[in-house]
Amino acid sequence: MAAHPVHPPGFAHQFEDMEQQREAGSLGMWVFLVTEIMFFGGMFASYTVYRALHLPAFETGSRLLNVRLGALNTAVLIASSLTMALAIHAAQVGKRKSTIIFYLLLTMLLGATFLGVKFTFEWHQDWMEGLIPGLNWAYSGPYALQVQMFFCFYFFMTGLHALHMVVGIGILTVLVVMSARGRFNDQYYAPLEITGLYWHFVDIVWIYLFPLLYLIGGRYALGGH
Amino acid sequence: MTGLIQSGFGLLAAVQEGVPIRPEAASSIAEGVDRLHFFLTALTLFFTALIFTIIFYFMVKYRRRSEDDQPAETGQNLPLELTWTLVPTVLAAFVFIWSSSLYFRNSRPPEASTEIFVIGKQWMWHLQHPEGPREINELHVPVNIPIKLTMTSEDVIHDFYIPAFRVKKDAVPGRYTSLWFQATKTGVYHLFCAQYCGADHAEMIGWVYVMSQADYAAWLSGGARNESMAQIGERLFNQLGCVTCHVADGTGRGPSLAGLYGKPEKLRSGEMRLVDEALIRQAIVNPNSILLPNYPPIMPTFQGQVNEEQVLQLIAYVKSLGSEERKLKAK
Amino acid sequence: MSTTVQTIHDEAPAEASRVHYLNASYGVKSWLLTTDHKRIALLYLVSITLMFFVGGAFAVLMRLHLVEPQGALVEPDTYNKLFTLHGILMIFFFLIPSIPATLGNFLVPMMVGARDLAFPKLNLLSWYVYMVGAILALYSTVAGGVDTGWTFYPPYSSTYSHTQVLPVAVGVFVMGFSSILTGLNFVVTIHKMRAPGLTWFRFPLFLWAIYATSIIMILGTPVVAITIFLLGLERILHVGIFDPTIGGDPVLFQHMFWFYSHPAVYIMVLPGMGVMSELITCFSRKRIFGYGFVAFSSMAIAVISFLVWGHHMFVTGQSIYAGLIFSVLSFLVAIPSAIKVFNWMATIYKGSISYQAPMLYALGFIGLFTMGGLTGLFLASLATDVHLNGTYFIVAHFHYIMVGGTVMAYLGGIHFWWPKITGRMYPDGWARFAALVIFVGFNLTFFPQFMLGYLGMPRRYAVYPAEFQVLNVMSSAGASILGVGYLIPLIYLAWSMRYGPPAGPNPWRAKGLEWETPSPPPTENFEEIPVVTTDAYDYANVGVTRG
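Here the protein sequences come in this chain order: X, Z and L. Position 133 of the first sequence, counting from 1, maps to 133 under the numbering used here, and the rest follow consecutively. Position 261 of the second sequence, counting from 1, maps to 486 under the numbering used here, and the rest follow consecutively. Position 448 of the third sequence, counting from 1, maps to 1004 under the numbering used here, and the rest follow consecutively.
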């Protein structure tokens, strides 16, 4: 084997140098996020089709959701993206590992808060009101069948999103452990950046979900009914 | 090459043994479709043969003669590239225009079509003539009269296919689809289900009987029960209690249905919907999804209580209701 | 292309003492935990070959059954399961991974001049994900089978079928992620890990084909994953997404399903076209004609393929105008394929042609793919599609492309790179014989089906009217020949791994970075990363290395 320069820890030998590794990792995450866009996109597309076909029903369904909790969760997620960015920044400028860990833990906490609000308040409330299709659906107002379809989409889409949050929190746990072991410094923080991309993406999906599900129920129409 | 030889033998066999290479052409559109099909066949065989021939020619002429053969480079040739891009494009455009205009004509039923109703159900076809006769897996039609089939399914997606007429359309549950044809030759022709629908998909087949117009009229009026679809529909309308709310003079809890069919109706949301078969069906199986401005949403759903055939009979009845009563009612 | 000097010195070490990727480590763990792209390619090779023969066995049973109009072998229920599983196994577990996961995995790093793919561990994960999907599909086969057709149309698949729909749906869902990971790996590798001097327009056209394929894998697969996910939820929870009784739309499923499944057929055929460019140039000993046109055709096919899905739905009752748009786009997507065929033929023109098995497969591909592609015009054309949809014409059309095209290209590629992969030569006489048997068997099987379709015989029929019997018997006769044809390479390729003569680095005197390494290559592919100074297929330049 020809002699090669000493590489920093974390270097993967299929690459020529750290620069190539970093670029490849970043591109890899972007490509993965494109697949996630298509994944969620399939559900967004069918939701859009059904909304166009059953507008009054979907507006009715939307008004049965709790906008306040949804808005709170939106704020929580946006805050968590901020803390994630701060964690990356901390590594970039060479802050102590405890700073990085602090921001990562804060991000995880905010993520967990989001999930807590969703599961223990919103979904529990929906369960109490008999709004879970397939399990305890009890709504019998106008457009009942199509309102059930709205709730199918509500639970599938927010459920899929929540699953991505759980995975994200898992990855953050790994990053916390890596940080604790001093793996990150101002030369090497690519895993933080890449995870940040993923976390911001999950945030952006919610920023689409929130208005689509909660806000366009005609509740704020001028002189609305 | 083998394909070419195959087709040659196939044709020979066809000529010798009378094995057909195309189904009977028994409808007004069949010859037109066949002409396009044969053009495409000729195109395919021509280009396939051309390419195989050129390949064979190159294989012989340019075969490697020694291990150190070094062919000269052939440069790029933009005009050639553009030519063999443009020629297929022009051919494709030609076929597209021909096919699309044919398809346009073949898809629009003529005004004066006789309507027959088709319900696909695992694993049989129910056919219902408006005058009354019902058939299973058989369809009697008169020759030289345009026939429009309005179709739906009781369960899964089926597909109504008459090869001799070159027509085919899915029968989809929850909606009405339609196809039309005009038979040009009396005779008996295959009817197939062409969308896989479960265990006995291959048994969901039958026959189309094309009869002279006189024979068809005789067939229509013969037979045991002759209640028209509208008459059966009226009976159902009373039996199921529809008449209690949908009083003809508009004084009931529900709107009068007289003269309703074919007119636009304004919904509570302000949207205008045309009262056609699809809307009436929706009103019967999912009334909660159609809210009217002046009536509360209290109509119960009849999904599960009526099958698709009965829905069509009820629709036939509603269609038959005149508009005199409606005019009498003020506002 | 010039490389550094080391590899030439490696030309003739004794086979027994040279370390390469096959003998660098031994034991089951060294294979199951490998991150070497070449070993992973072989893991895939074994898996997809197994799935091919299982799916193929079902096809043989189907054709044996169809010699009699009332069915000769099995009950209709069983027949319905046979065609469903034949489709699912062949499409998802053989054709889609075939060339990318075997030849792609093996060659992409070598062709870009890298030591491995960008994400070797992800590559291994993709194989395990594939295996989970495959095991689920095989489980559902032995646990009672599935009878929905590989297209899973609801309401039959969501509400009416009482077979093992869920396990196989999960298996397909899982397998989709294998596809996505593979595509992701290739895209990043091609973008970021090319050797110095290897620009986009200098690398082999196989890479352009793989790149275009990867784009489709990345963009399309997630949509079918979500579609199957929704179908599965409907089946478990009995809620209506596609159920018309609660306002769902069964045709929406078809839109979403075909949005992936049409581009999927290009996932299956584009890599085959990539192999074509490699085989034609080597066995004509000439540079490819129209490199730029072939490269851009691959990309054009990938883009347009996403716009034509509605041509599977012309008879569903969709609007005439939607039909027109999908029809014109479907005609358009045929043009880049035609351009490629003409460019390959211009490459052969005035070349120096030799007829080893890979070239026979390549020439067969050109003819059969042309025929398959032209029969697509019948189906893009609205007026004729109404008559032909749902009949054996469709079956013949897609088998001409998938089998006459992709499988021939796959076999051609396997034979071409076999000496590189295994370090052994296979017996070419047997290989040419098998290629001929396959060609004859294939045409006899599927040409009669065009005629059956036009005569009106619908597909997926366990029994049929007696007037269709002659053509069915011809088709079944062809299928038995085809089956034998596929078994022959299995035998001599396996034989060659032990008893075949050792192959040197470049037995075909081909151009390409992979041919400048020993056969089999060392684990890290290149002692030193090569520096590339010439275009691809530089056959006019008498080669630096000799075989």
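Bear in mind the hints are in silico, worked out from the structure with no lab data behind them. Ideal placement from N, C-alpha and C gives every residue a C-beta, glycine not left out. It cannot be assumed that every hint is accurate.
Now the stretches of chain Z that chain L is said to cover, found in silico as 3 or more residues with beta-carbon under 8 Å [claimed, not checked]:
#, segment
1, 285–295
2, 371–384
With a straight-line Cα cutoff of 20 Å, these simulated SDA-like cross-link-like pairs (lysine to any residue) come out [as the list claims (entries may be wrong)]:
#, chain 1, residue 1, chain 2, residue 2
3, L, Lys906, X, Ile171
4, L, Lys906, Z, Glu502
5, Z, Lys544, Z, Arg506
6, L, Lys677, X, Ile171
7, Z, Lys410, Z, Ile370
8, Z, Lys286, L, Tyr905
9, L, Lys906, Z, Gly300
10, L, Lys677, X, Phe32
11, L, Lys677, X, Val31
12, L, Lys906, Z, Ile370
13, Z, Lys286, L, Tyr911
14, L, Lys677, X, Lys95
15, X, Lys95, X, Gln20
Against the structure, the hints:
1. 285–295: It holds: at least three residues are needed, and the segment 285–295 of chain Z offers 6 whose Cβ sits within less than 8 Å of chain L.
2. 371–384: holds (count 4)
3. L:Lys906 - X:Ile171: violated, 59 Å
4. L:Lys906 - Z:Glu502: It is violated: about 67 Å lies between the C-alpha atoms, which goes past 20 Å.
5. Z:Lys544 - Z:Arg506: Holds, at roughly 12 Å.
6. L:Lys677 - X:Ile171: holds, 17 Å
7. Z:Lys410 - Z:Ile370: holds, 11 Å
8. Z:Lys286 - L:Tyr905: With a Cα-Cα distance of about 9 Å, the restraint between Lys286 of chain Z and Tyr905 of chain L holds, given a limit of 20 Å.
9. L:Lys906 - Z:Gly300: holds, 12 Å
10. L:Lys677 - X:Phe32: holds, 15 Å
11. L:Lys677 - X:Val31: It holds: about 17 Å lies between the C-alpha atoms, which stays within 20 Å.
12. L:Lys906 - Z:Ile370: violated, 61 Å
13. Z:Lys286 - L:Tyr911: holds, 13 Å
14. L:Lys677 - X:Lys95: violated, 31 Å
15. X:Lys95 - X:Gln20: violated, 25 Å
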